[in-house]
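There are 2 protein chains.
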Amino acid sequence: MGIVTTSASVSLDGYISGPQGSGFEHLFAWYDGGDHEFPSANPGVSFRLSAADHAYLTAAMERLGALVVGRRLFDLTDGWGGTHPLDKPVVVLTHAVPQEWVDAHPGAPFRFVTGGIEDAVAAGHDAAGGLDVAVNAGEIASQALAAGLLEEVVLDVVPVLLGGGVPFFGAIGAAPRLLDGPDVTPGERVTHLRFRVRPLDPA
Amino acid sequence: MGIVTTSASVSLDGYISGPQGSGFEHLFAWYDGGDHEFPSANPGVSFRLSAADHAYLTAAMERLGALVVGRRLFDLTDGWGGTHPLDKPVVVLTHAVPQEWVDAHPGAPFRFVTGGIEDAVAAGHDAAGGLDVAVNAGEIASQALAAGLLEEVVLDVVPVLLGGGVPFFGAIGAAPRLLDGPDVTPGERVTHLRFRVRPLDPA
Numbered sequence: 222m223g224i225v226t227t228s229a230s231v232s233l234d235g236y237i238s239g240p241q242g243s244g245f246e247h248l249f250a251w252y253d254g255g256d257h258e259f260p261s262a263n264p265g266v267s268f269r270l271s272a273a274d275h276a277y278l279t280a281a282m283e284r285l286g287a288l289v290v291g292r293r294l295f296d297l298t299d300g301w302g303g304t305h306p307l308d309k310p311v312v313v314l315t316h317a318v319p320q321e322w323v324d325a326h327p328g329a330p331f332r333f334v335t336g337g338i339e340d341a342v343a344a345g346h347d348a349a350g351g352l353d354v355a356v357n358a359g360e361i362a363s364q365a366l367a368a369g370l371l372e373e374v375v376l377d378v379v380p381v382l383l384g385g386g387v388p389f390f391g392a393i394g395a396a397p398r399l400l401d402g403p404d405v406t407p408g409e410r411v412t413h414l415r416f417r418v419r420p421l422d423p424a
Numbered sequence: 222m223g224i225v226t227t228s229a230s231v232s233l234d235g236y237i238s239g240p241q242g243s244g245f246e247h248l249f250a251w252y253d254g255g256d257h258e259f260p261s262a263n264p265g266v267s268f269r270l271s272a273a274d275h276a277y278l279t280a281a282m283e284r285l286g287a288l289v290v291g292r293r294l295f296d297l298t299d300g301w302g303g304t305h306p307l308d309k310p311v312v313v314l315t316h317a318v319p320q321e322w323v324d325a326h327p328g329a330p331f332r333f334v335t336g337g338i339e340d341a342v343a344a345g346h347d348a349a350g351g352l353d354v355a356v357n358a359g360e361i362a363s364q365a366l367a368a369g370l371l372e373e374v375v376l377d378v379v380p381v382l383l384g385g386g387v388p389f390f391g392a393i394g395a396a397p398r399l400l401d402g403p404d405v406t407p408g409e410r411v412t413h414l415r416f417r418v419r420p421l422d423p424a
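Top to bottom, those sequences are chains A and B.
Residue 305 in the working numbering sits at position 84 of the first sequence, with consecutive numbering throughout.
Residue 269 in the working numbering sits at position 48 of the second sequence, with consecutive numbering throughout.
None of these hints come from the bench; they were simulated from the model.
Even for Gly, the Cβ is constructed at its ideal location relative to N, Cα and C.
Some hints could be false.
As the list claims (entries may be wrong) - Partial chain A-side listing against chain B, Cβ under 7 angstroms, derived:
hint, residue
1, D234
2, G244
3, R398
Work the whole structure out from these sequences, hints included.
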């Protein structure tokens, strides 16, 4: 079974998006930081990365088996039209299954889980075929951390201060929580920091 | 003239102290992470650092000429009894000079500035004798950044999540603000990330 991980581009002040959804041109600048092409599931879209970032992202994608996201992101993207840009199966944690969307996208590798973060992560493992499960940074990753399910945190640290927005971590439950690491991978306008989360103390 | 810099031990979620002043045993664990002794101005106190952290801190201290702190920290420590642990001159940004303390500590290398962050940084340069001026992380560093005076940001990233507390950055004024770097120095239970702040666009 793979591990449960989370990663996101994050500003120095800890935001994964800036005020009113701003700042992405800075947070994602490294996806356009070189000339090493990285394909997306959308035939019209590819990224052009530095050599270091290309190697980093290739390795991360090879480990990745499934994604767990929240309902807000699902709605915002309309479920990516049924195909996530990373071309991986998706578990959506939600209060109610969007039956209309499900009917309109037969065969889309999406599962909807209403039972909570534990069930969503279990569904992620089931969909991941032994590879890693990536939970979305922000609220979902914080819930997974609080539940003792999160095993790895990857900060793609971008040299920008956004001054506000959506933080990488929200309400994380019991604190402090210790980690080990990081492994450091310097990139172009990004520094990848990979930490391992220590298990929750048994209650 | 030296540069204006700020540095602090900071959690992965961006806090320089945890809820209700907690978390310092984790944030400052690297000051006790090895067997390379580093003296403080207090004859009873020294730190025991890893070789990498000792070299890092030695280099940082050699560059450091003066400190700029806020009135809250000054009051909390009672002005460190007149001698900052780093044995450097201190500028205190305040609304009112604490005349009683000044009278009780003749000769203490402390200056009190009531004119605002620009005056405090100018007094810092004056006291620093050509070396760097370190502004305290949190509110003071954020004010210096907003005023276009901050030239360097050093995050001593500690692998802990604190879940709340005092953030490294507060209200930073115009955003986004871009930086360059970082230079990365791995330590023991800490990773030092040094960024250069790009100048404010002229208004």
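Against the structure, the hints come out as follows:
Because the beta carbon of A/D234 sits about 4 angstroms from the nearest beta carbon in chain B, less than 7 angstroms, this interface hint is met. Interface hint status for A/G244: upheld, as the beta-carbon distance to the closest one in chain B is roughly 6 angstroms, under 7 angstroms. Proximity of A/R398 to chain B holds as hinted, the smallest CB-CB distance being about 4 angstroms (cut-off 7 angstroms).
Taken one by one, the earlier hints all hold for this structure without exception.
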